[in-house]
Amino acid sequence: MKSHLSLHDLVTLVVEPSAMQSKLLLAELAKAGIARACAVASGAQALAHLRNNPTSLVVSAFHLPDMSGAELIAAMRSDFAFAEIPFILVSSETRHHQLDPVRQSGVSGILPKPFSQEQLDAALRAVLDFLNVDVSLDEDGFDLDTLRVMLVDDSPMARKFMRQVLTNMGVKQFFEAENGRQAAEMLSSTIVDLVVTDYNMPEMDGQALIQFIRTQGWQKEVPVLMVTSEDNQGRLAAVQELGVVGMCDKPFEPNTVRALLRRLLSAN
565 MKSHLSLHDL VTLVVEPSAM QSKLLLAELA KAGIARACAV ASGAQALAHL
615 RNNPTSLVVS AFHLPDMSGA ELIAAMRSDF AFAEIPFILV SSETRHHQLD
665 PVRQSGVSGI LPKPFSQEQL DAALRAVLDF LNVDVSLDED GFDLDTLRVM
715 LVDDSPMARK FMRQVLTNMG VKQFFEAENG RQAAEMLSST IVDLVVTDYN
765 MPEMDGQALI QFIRTQGWQK EVPVLMVTSE DNQGRLAAVQ ELGVVGMCDK
815 PFEPNTVRAL LRRLLSAN
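Taking my numbering, the leading residue of the sequence shown gets 565, the next gets one more, and so forth.
Keep in mind the hints are simulated off the structure, nothing from the lab.
Treat the hints with caution; some may be incorrect.
As the list claims (entries may be wrong) - Taking lysine to any residue and the SDA-like style, the derived pairs with C-alpha atoms no more than 20 angstroms apart in a straight line are:
#, residue 1, residue 2
1, 724, 698
2, 784, 712
3, 724, 820
4, 724, 597
5, 784, 752
6, 587, 577
7, 736, 708
8, 784, 768
9, 587, 655
10, 784, 757
11, 784, 806
12, 724, 696
13, 724, 819
14, 724, 694
15, 677, 784
16, 587, 708
17, 587, 675
18, 587, 626
19, 677, 591
20, 677, 627
21, 587, 680
22, 677, 689
23, 724, 689
24, 724, 739
Assemble the whole structure, with the sequences as input and the hints as a guide.
Spelled out as structure tokens, the structure:
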């Protein structure tokens with residue numbers, strides 16, 4: 565089992581073109597418990613730094629002089645050497661089409677500018693949840709060895725992030741589908757205990773998948789958790805009416821999922 569990391573152990577890289585903003589961000593991280601951090605001013609500098617220096621966490625602005633924060637995390641996820649490094653975005657950007665690629669990349673947190681200490685602490689807790697094995701459910705007597713979880717998302721990076729978080733909690737059996745149609749086909753012959761699905765997917769979206777499960781599938785009672793970047797409240801309300809055990813935003817919130825697993829396992 566890997567050793568348990570604390571905030572003090574995290575070697576953090578800040579990517580921020582403004583010297584003043586960079587200094588403020590480093591100070592906020594230090595206040596939160598990050599003892600080792602340095603800063604660079606561009607995406608290219610960040611990638612060069614990562615190639616030559618062990619790094620536990622990247623905290624980046626969205627608007628960089630040579631690329632966006634979305635392009636930086638995409639470059640990281642496509643490079644085997646640092647594809648697993650947690651990433652927190654700090655940005656005043658609010659447009660859905662700009663932030664969605666970041667959410668789909670398995671990001672640990674998206675913080676506004678300015679952010680509160682509570683928001684930073686929550687993002688850093690998500691980072692530790694991603695990096696550390698969580699034995700709390702096992703210690704409480706819950707058996708996760710037999711829990712069968714289906715992950716449905718058209719983003720391989722998002723599925724990988726969700727799988728890592730659930731693996732850290734003790735889940736061992738996974739089935740993966742890249743859209744609702746594929747998931748529906750798999751569910752016709754595969755017994756699962758929980759479905760975790762995105763909303764926006766090609767061929768069959770999350771709403772259509774839940775409708776299929778509840779009306780046509782033979783596992784009509786299987787719990788479904790929706791993890792999505794969808795912000796249309798009308799669509800989300802329709803999904804809730806179909807019957808989900810929970811809905812959470814991307815980034816995937818480990819605390820929300822842990823509470824859900826505890827509730828499901830207690831019921832069983």
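Hint check:
1. Distance restraint check for residue 724 and residue 698: the Cα-Cα separation of roughly 17 angstroms lies within the 20 angstroms cut-off, and the hinted pair is therefore satisfied.
2. In summary, the hint linking residue 784 to residue 712 is supported, as the alpha carbons are separated by about 16 angstroms, within the 20 angstroms threshold.
3. Between the alpha carbons of residue 724 and residue 820 the distance comes to roughly 18 angstroms, so the proposed pair stays at or under 20 angstroms and holds.
4. Using a Cα cut-off of 20 angstroms, the hinted pair residue 724 and residue 597 is violated, with the two alpha carbons roughly 27 angstroms apart.
5. For the given pair, residue 784 sits about 11 angstroms from residue 752 by alpha-carbon distance, which is consistent with the 20 angstroms threshold.
6. A threshold of 20 angstroms between alpha carbons decides the hint, and for residue 587 with residue 577 the separation of about 12 angstroms falls inside it, so the pair holds.
7. Only pairs whose Cα atoms come within 20 angstroms are accepted, and residue 736 paired with residue 708 is accepted, the gap being roughly 7 angstroms.
8. A distance of roughly 18 angstroms separates the Cα atoms of residue 784 and residue 768; the hinted pair therefore holds under the 20 angstroms criterion.
9. In summary, the hint linking residue 587 to residue 655 is supported, as the alpha carbons are separated by about 15 angstroms, within the 20 angstroms threshold.
10. Restraint check for residue 784 and residue 757: the C-alpha separation of about 11 angstroms stays at or below 20 angstroms, so the hint holds.
11. A C-alpha spacing of about 11 angstroms is found between residue 784 and residue 806, which places the hinted pair at or below 20 angstroms, so the restraint holds.
12. Among the hinted pairs, residue 724 with residue 696 is consistent with the structure: their alpha-carbon atoms are about 15 angstroms apart, no more than 20 angstroms.
13. In summary, the hint linking residue 724 to residue 819 is supported, as the alpha carbons are separated by about 18 angstroms, within the 20 angstroms threshold.
14. For the given pair, residue 724 sits about 11 angstroms from residue 694 by alpha-carbon distance, which is consistent with the 20 angstroms threshold.
15. Restraint check for residue 677 and residue 784: the C-alpha separation of about 43 angstroms exceeds 20 angstroms, so the hint is violated.
16. For a cut-off of 20 angstroms, the pair hint linking residue 587 to residue 708 is broken: about 44 angstroms separates their Cα positions.
17. As the CA atoms of residue 587 and residue 675 are separated by approximately 17 angstroms, the hinted pair is consistent with the 20 angstroms bound.
18. Distance hint between residue 587 and residue 626 is fulfilled; the C-alpha atoms sit about 17 angstroms from each other, no more than 20 angstroms.
19. Taken as a hint, the residue 677 and residue 591 pair is honoured in the structure, with Cα atoms around 15 angstroms apart against an allowance of 20 angstroms.
20. For the hint pairing residue 677 with residue 627, the CA-to-CA distance comes to about 12 angstroms; that is within 20 angstroms, so the pair holds.
21. For the hint pairing residue 587 with residue 680, the CA-to-CA distance comes to about 16 angstroms; that is within 20 angstroms, so the pair holds.
22. With a C-alpha separation of about 19 angstroms, the suggested pair residue 677 and residue 689 falls inside the 20 angstroms cut-off, and the hint holds.
23. Restraint check: the Cα-Cα separation between residue 724 and residue 689 comes to about 19 angstroms, which is no more than 20 angstroms; the hinted pair holds.
24. Proposed proximity of residue 724 and residue 739 is supported: the alpha carbons are some 12 angstroms apart, at most 20 angstroms.
Comparing the model with each numbered hint stated earlier shows that hints 4, 15, 16 do not hold.
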